[in-house]
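Student: Here is what each chain is made of, one letter per residue.
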Amino acid sequence: MYTMETMRQEIAAAVEKVRALKPLAPSITNTVTVNFVANAQLAAGGTAAMIYLPDEAEALAEAGSSFYINVGTLLPIYRETVPLAAQKLHALHKPWVLDPVAIGIGSLRTELLSLLKNYPPAVIRGNASEIIALAGLWNLSGGTETSNVHGVDSTDTVQAARLAAISLARFTGGAVAVSGTVDLITDGRQAVCSYGGSSLMESITGCGCSLGGVIAVYSAVASPFIAALCGTAAYNFAGREAERHAAGTGSFQLAFLDALYNASPKDISLTQFTPEEV
Amino acid sequence: MYTMETMRQEIAAAVEKVRALKPLAPSITNTVTVNFVANAQLAAGGTAAMIYLPDEAEALAEAGSSFYINVGTLLPIYRETVPLAAQKLHALHKPWVLDPVAIGIGSLRTELLSLLKNYPPAVIRGNASEIIALAGLWNLSGGTETSNVHGVDSTDTVQAARLAAISLARFTGGAVAVSGTVDLITDGRQAVCSYGGSSLMESITGCGCSLGGVIAVYSAVASPFIAALCGTAAYNFAGREAERHAAGTGSFQLAFLDALYNASPKDISLTQFTPEEV
Amino acid sequence: MYTMETMRQEIAAAVEKVRALKPLAPSITNTVTVNFVANAQLAAGGTAAMIYLPDEAEALAEAGSSFYINVGTLLPIYRETVPLAAQKLHALHKPWVLDPVAIGIGSLRTELLSLLKNYPPAVIRGNASEIIALAGLWNLSGGTETSNVHGVDSTDTVQAARLAAISLARFTGGAVAVSGTVDLITDGRQAVCSYGGSSLMESITGCGCSLGGVIAVYSAVASPFIAALCGTAAYNFAGREAERHAAGTGSFQLAFLDALYNASPKDISLTQFTPEEV
Chain B
1223 MYTMETMRQE
1233 IAAAVEKVRA
1243 LKPLAPSITN
1253 TVTVNFVANA
1263 QLAAGGTAAM
1273 IYLPDEAEAL
1283 AEAGSSFYIN
1293 VGTLLPIYRE
1303 TVPLAAQKLH
1313 ALHKPWVLDP
1323 VAIGIGSLRT
1333 ELLSLLKNYP
1343 PAVIRGNASE
1353 IIALAGLWNL
1363 SGGTETSNVH
1373 GVDSTDTVQA
1383 ARLAAISLAR
1393 FTGGAVAVSG
1403 TVDLITDGRQ
1413 AVCSYGGSSL
1423 MESITGCGCS
1433 LGGVIAVYSA
1443 VASPFIAALC
1453 GTAAYNFAGR
1463 EAERHAAGTG
1473 SFQLAFLDAL
1483 YNASPKDISL
1493 TQFTPEEV
Chain X
1223 MYTMETMRQE
1233 IAAAVEKVRA
1243 LKPLAPSITN
1253 TVTVNFVANA
1263 QLAAGGTAAM
1273 IYLPDEAEAL
1283 AEAGSSFYIN
1293 VGTLLPIYRE
1303 TVPLAAQKLH
1313 ALHKPWVLDP
1323 VAIGIGSLRT
1333 ELLSLLKNYP
1343 PAVIRGNASE
1353 IIALAGLWNL
1363 SGGTETSNVH
1373 GVDSTDTVQA
1383 ARLAAISLAR
1393 FTGGAVAVSG
1403 TVDLITDGRQ
1413 AVCSYGGSSL
1423 MESITGCGCS
1433 LGGVIAVYSA
1443 VASPFIAALC
1453 GTAAYNFAGR
1463 EAERHAAGTG
1473 SFQLAFLDAL
1483 YNASPKDISL
1493 TQFTPEEV
Chain R
1223 MYTMETMRQE
1233 IAAAVEKVRA
1243 LKPLAPSITN
1253 TVTVNFVANA
1263 QLAAGGTAAM
1273 IYLPDEAEAL
1283 AEAGSSFYIN
1293 VGTLLPIYRE
1303 TVPLAAQKLH
1313 ALHKPWVLDP
1323 VAIGIGSLRT
1333 ELLSLLKNYP
1343 PAVIRGNASE
1353 IIALAGLWNL
1363 SGGTETSNVH
1373 GVDSTDTVQA
1383 ARLAAISLAR
1393 FTGGAVAVSG
1403 TVDLITDGRQ
1413 AVCSYGGSSL
1423 MESITGCGCS
1433 LGGVIAVYSA
1443 VASPFIAALC
1453 GTAAYNFAGR
1463 EAERHAAGTG
1473 SFQLAFLDAL
1483 YNASPKDISL
1493 TQFTPEEV
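Chains as they are written, first to last, in our numbering: chain B, 1223 to 1500; chain X, 1223 to 1500; chain R, 1223 to 1500.
There's no promise every hint is true.
One copy or two, it doesn't matter: identical chains are merged, so the pair holds either way.
What the hints assert, rightly or not - The list that follows gives simulated cross-link-like pairs (lysine-lysine, DSBU-like), each with its CA atoms no further than 35 Å apart:
no., residue 1, residue 2
1, 1310, 1339
2, 1339, 1244
3, 1239, 1316
4, 1310, 1244
5, 1239, 1310
I should point out that these hints are in silico values taken from the structure, not numbers from a laboratory. A quick note: this is a predicted structure, and the numbers were derived from the prediction, not measured.
Okay, chain B solo, but in the shape it has when bound:
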């Protein structure tokens, strides 16, 4: 169990370590936001590499310090690549982050997300509807059988996903980050709400996906809970900062990357978050 104070210390340490070590966090991710994911990982201080083919997934699971799997825009080859990557990461005990984007749409996504239950990720990041649907797919408390995911957007509130998040975290032994206006991060034993960000984050594509990639970077140097919290706090800091400089969604995206790149360990560790009951 972390105190608020040790959380802040661990976050600051994670930010510093990533900038010093530049850990490689390879990704299998969607084509829509892949550039943003890579640039966000670099802005946080990590190293990015994206792949599609099965044996490349294995090679990068070995080469990387952590890994990111985002099931956003599935291609046929993912049927082979995603299971192999997860198996390899599991065998190597490497932390990896799952973003169950658009869960419920299409048979391959359901097949892959079901199978990933066997190789639990260190961190699951999603919006409320995705977290609820994943808990449902994995037959855990708080989940529902049918997904409320509307395309790629959530129709549930973060608090509605609280039980699902806790049961997913308990099942994986890792952490879950539910993204929303106020974000919820839990490892199943404790939870915090993280504040900040900007409403403009929903008016550009990729804040969720790239947060998953950045959490993967932090997972290379911190516990799943601290990595999830650190990534979320960094995004809440950068979002708030970017909003001050933005004249619209184009300049917001630019200012967001600038803020993420310039964020100090203190900037991120001193963002507002509060303990939540579990």
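Add chains X and R to chain B, keeping to what the hints say.
Tutor: Using the frame of chain B, we list chains X and R on its own:
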């Protein structure tokens, strides 16, 4: 038949409705500009979701209010996905927008574009050469057998595509938007020329593709003709506005998204357009 | 053999010719940076078109003035597309640029890069580790059997890749550009070091990939050596210029495209470069 005045009213209404309803307009689109398409759809007020797999196309054809098919960078799976999407949209009577990018290059593109004649789109958007080539492929007046498409760029003028645009619109019962220095929009019964924009729009990639995606968003709440005109007018407004703030193509792209995001119903409906004989 | 003075004249001429002729330089390239590649090619004055399918590669090899093959994020179809493109380009004697990104990772990349030895590119661009590994794969002096590529990043210095670059250039009869803090360009008979740029270029994704695409554009109007040098000098100019305007990695990317778009023949030809012994 719309008067100039009712066109302006309908455009303003479409812009407002989209911002209020945030309609989902899923896309099958190319990997080069997919991020720009999504961000432009969001800036206009819509919701974006991109997919590659056949059953996901069907699921999103059902979930979405409209759809966008851009044949820019074809992948092997498109042989299954594109026909299924079009059939489903046709069966559901949902409006969808076709961008016949690079028509004439490769056998799969020709095969798919030929087949799409059976499931006519609500709006076709392309440059002059693409519109002429599509009319040719579909054996309609104004088309030519061989394409003058040079890579992805037009070698014909918008006025040269006038007859092709009209015959395509009459065939589909929808609308056609021909993009160029001055844009032509027609539903086969009436036509307008839309003015504005910026020469910088041809110096960045994706203005055409993302306009198709934005027209798909407007198609969710307006007739094909108004949607095509509204999207084109929004682009002409945003292009002109962005040019005033741009110091080059990088800052132009950013300023363009900002302007699209900030454009009011009045800004868009009061852009310059004039009636054209049909 | 060029003198420093004739190099500067040829560079200025290449920049001017590209802006006048807008040559089409189609690409097979990775999904991470494909948008940046296209926008950089446009900013330099060229025309871009990206494809995945075998017969489209052949069609664009014919339509284009040059070509760019970047093996960054391989897809299964590349097994057919890449060899066909290279064969066609070879048969047509068209200059093409190879970027051996991530050489050593995965069997398909190794298979394709081995095979490309039979259809030598006009220019090879890579970081030091990639150049050393490619020379190794092609059994040329200066290469090593095992790759030191870490994900997509170099772990070797540019000077360490000097012999490999020279032997690759002698083998292909073209040129090699080794990117690093100081860049090395050689055609096997002479070599120069090119200075400038910015450390921020490594903090965003795609400077290497898009440089390959821009060199392909210049290859349409200049010798491989001049094209490689011209592209590298343009990047060193734009990087230095952009750094002056950047408040972080987001604004750097924008300012970089602006600078590339605005760079005059003089700006690029007068960047600092010095002769190196071969």
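Student: Are the hints correct? Go through all of them and say.
Tutor: Structure-based check of each hint:
no. : hint        : verdict
1   : 1310 x 1339 : both (14 Å within a copy, 33 Å between copies)
2   : 1339 x 1244 : both (29 Å within a copy, 34 Å between copies)
3   : 1239 x 1316 : within (17 Å within a copy, 48 Å between copies)
4   : 1310 x 1244 : within (22 Å within a copy, 41 Å between copies)
5   : 1239 x 1310 : within (25 Å within a copy, 49 Å between copies)
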